[in-house]
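Number of protein chains: 2
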Amino acid sequence: MTIQTVSTNKSYGGVQGVYRHASQATGTDMVFSVYVPPHADGAKLPVVWYLSGLTCTHANVTEKGEFRKACAELGLIFVAPDTSPRGPDVPGDPNNAYDFGLGAGFYVDATQEPFARNYRMWSYVTAELPKLVAENFPVDARRQSVMGHSMGGHGALTVALRNPHRYRAASAFAPIVAPSQVPWGIKALTGYLGPNKDNWRGHDTVALIEDGAKFSGFLVDVGDADNFLKEQLKPELLQAACTKASIPLTLRRQAGYDHSYYFISTFMGDHLNWHAERLKG
Amino acid sequence: MTIQTVSTNKSYGGVQGVYRHASQATGTDMVFSVYVPPHADGAKLPVVWYLSGLTCTHANVTEKGEFRKACAELGLIFVAPDTSPRGPDVPGDPNNAYDFGLGAGFYVDATQEPFARNYRMWSYVTAELPKLVAENFPVDARRQSVMGHSMGGHGALTVALRNPHRYRAASAFAPIVAPSQVPWGIKALTGYLGPNKDNWRGHDTVALIEDGAKFSGFLVDVGDADNFLKEQLKPELLQAACTKASIPLTLRRQAGYDHSYYFISTFMGDHLNWHAERLKG
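So the protein sequences, as listed, match chains A and B. The first sequence lines up with residues 1 to 281 when you count with the working numbering. The second sequence lines up with residues 282 to 562 when you count with the working numbering.
Check each hint, because a few of them may be wrong.
As the list claims (entries may be wrong) - Straight-line alpha carbon distances no greater than 25 Å define the calculated DSS-like cross-link-like pairs of lysine-lysine that follow:
| no. | chain 1 | residue 1 | chain 2 | residue 2 |
| --- | --- | --- | --- | --- |
| 1 | A | K64 | B | K291 |
| 2 | B | K525 | B | K478 |
| 3 | A | K244 | A | K234 |
| 4 | A | K280 | A | K214 |
| 5 | A | K234 | A | K187 |
| 6 | A | K230 | B | K468 |
| 7 | A | K64 | B | K345 |
| 8 | B | K468 | B | K511 |
| 9 | A | K230 | A | K244 |
| 10 | A | K187 | A | K230 |
| 11 | B | K515 | A | K10 |
| 12 | A | K64 | A | K10 |
| 13 | A | K10 | B | K511 |
| 14 | B | K561 | B | K325 |
| 15 | B | K291 | B | K325 |
| 16 | B | K511 | B | K525 |
| 17 | B | K291 | A | K234 |
| 18 | B | K412 | B | K515 |
| 19 | A | K131 | A | K44 |
| 20 | B | K345 | A | K10 |
| 21 | B | K515 | B | K561 |
To be verified - Simulated DEER-style distance windows between Cβ atoms:
| no. | chain 1 | residue 1 | chain 2 | residue 2 | range |
| --- | --- | --- | --- | --- | --- |
| 22 | B | N508 | A | T2 | 25 to 35 Å |
| 23 | A | G256 | B | A422 | 20 to 30 Å |
| 24 | A | Y98 | B | G493 | 52 to 62 Å |
| 25 | A | A59 | B | Q285 | 27 to 37 Å |
| 26 | A | T2 | B | R533 | 31 to 41 Å |
| 27 | A | P138 | B | P419 | 41 to 51 Å |
| 28 | B | N508 | A | K44 | 29 to 39 Å |
| 29 | B | N444 | A | G281 | 51 to 61 Å |
| 30 | B | P445 | A | E231 | 46 to 56 Å |
| 31 | B | L532 | A | E231 | 45 to 55 Å |
| 32 | B | G493 | A | A43 | 30 to 40 Å |
| 33 | B | S461 | A | T5 | 36 to 46 Å |
Simulated from the structure, these hints should not be mistaken for lab results. All C-beta atoms, glycine included, are put in the ideal place defined by N, C-alpha and C.
With the hints as constraints, model all of the structure from the sequences given.
Have a look at this one:
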């Protein structure tokens, strides 16, 4: 598999790159960003995966996430995929809504038409892109972790719960934790996976935990001024599920913070330090 | 004078705001951003002015500048104005070029038609906006400093040299230092100030220093992979002028860095620390 370089910029002593490749999983070109911190020749570095939220591409976190300083200090590679397939032939939301289709892949492999061909973001972020990144960047594949925001927080937590031996750490900013129970999730999972809710459980953090999935622990930040907190995010559902399943959860309700990158960037350093602790050695 | 709040977001314990007001100087509405760090009730804080480069608005540095962490730690207010008047009645470059007119005010008060009415960015950033900010934010007006990027580096250095008692520190990322001698500057100063180069000297850092202007010292970073370094920036001209005039200059040529915010954000913390040292007490 080959990748094209869209851009590279030196930053904090490392290289922030943006790359494009023809994805087998989605049947489209996909763009992603990778920050490689300064490192010794020949070194293999741990990698943190960042899954973005609704409407985002790789660019939002790459420009606004303020992760490079911490990644440079901690020696972490940081990878940010897109949130859906894109292109003139990719079907989107019939009403061009922001919460389904383009920019809203929800990190599932769709089974429903007309989405099943392209909307295979689960396969993309858990299989195709990790292989591509490992082939093209100085990655130590034994040391990976995952984080995300909102829809990407949902992605990060579900990816971790279903691959607990691959990811040593998982954290989230303002995640959707129970998509089966909230409007964004119900719309997306119905559209991509069909109306049978049994088929949604593998893509619902709370349901995965209820069904026995385990993980070493999660760090989750939510802002108490987040407009989506009560209707879409419901972190109390994650707290209850983790408590019942004895999964360690550090849930921080940050006073005055909203759903934006002004919130994410504030706590990005904390998250990366938390990941780095777990990615050592 | 009143200001409208466009948005506020909590970030690093403080508030990142964006505001709009009807400017007397430019005859247009103007938008600017202000970050106010966490502080004790009633405290008055030093303020750092950031002047942006060609094509930018307040938004570029606000989103990509990575200044909030350092400003929160150091207790600095950070203000980012726009780079030109804007609006349907504001004349721009006749060919819609990026380097003149909209987004390219060059921090001068234009004397040439049709620009003289609106393009009054010198008055805007040195008089009207400082008064407005002092009236609406917890500013200690005795403790101000100024920095900028590219065209805004030109702005920062000229503003400082002509107001050495108001600004305690001045620094720049990849500044235009001798606009009278480079294509961007010659085009802009001709367009705004007319062909008589004698009228340009008050808006040319090197010329101001040659004419006797003094300042306590400058910190300047340039990337040696900056595409504009040799034709437009020419930091060696600033170095020669400062040496001759005994103005302390810390000029750092940063290996591998370009003209982008990936460069700026890398060294933003250094600059803010340098400013904070000079804004103490």
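Violations among the numbered hints, reported as their numbers in ascending order: The structure breaks hints 6, 18, 21 and 32; every other hint is satisfied.
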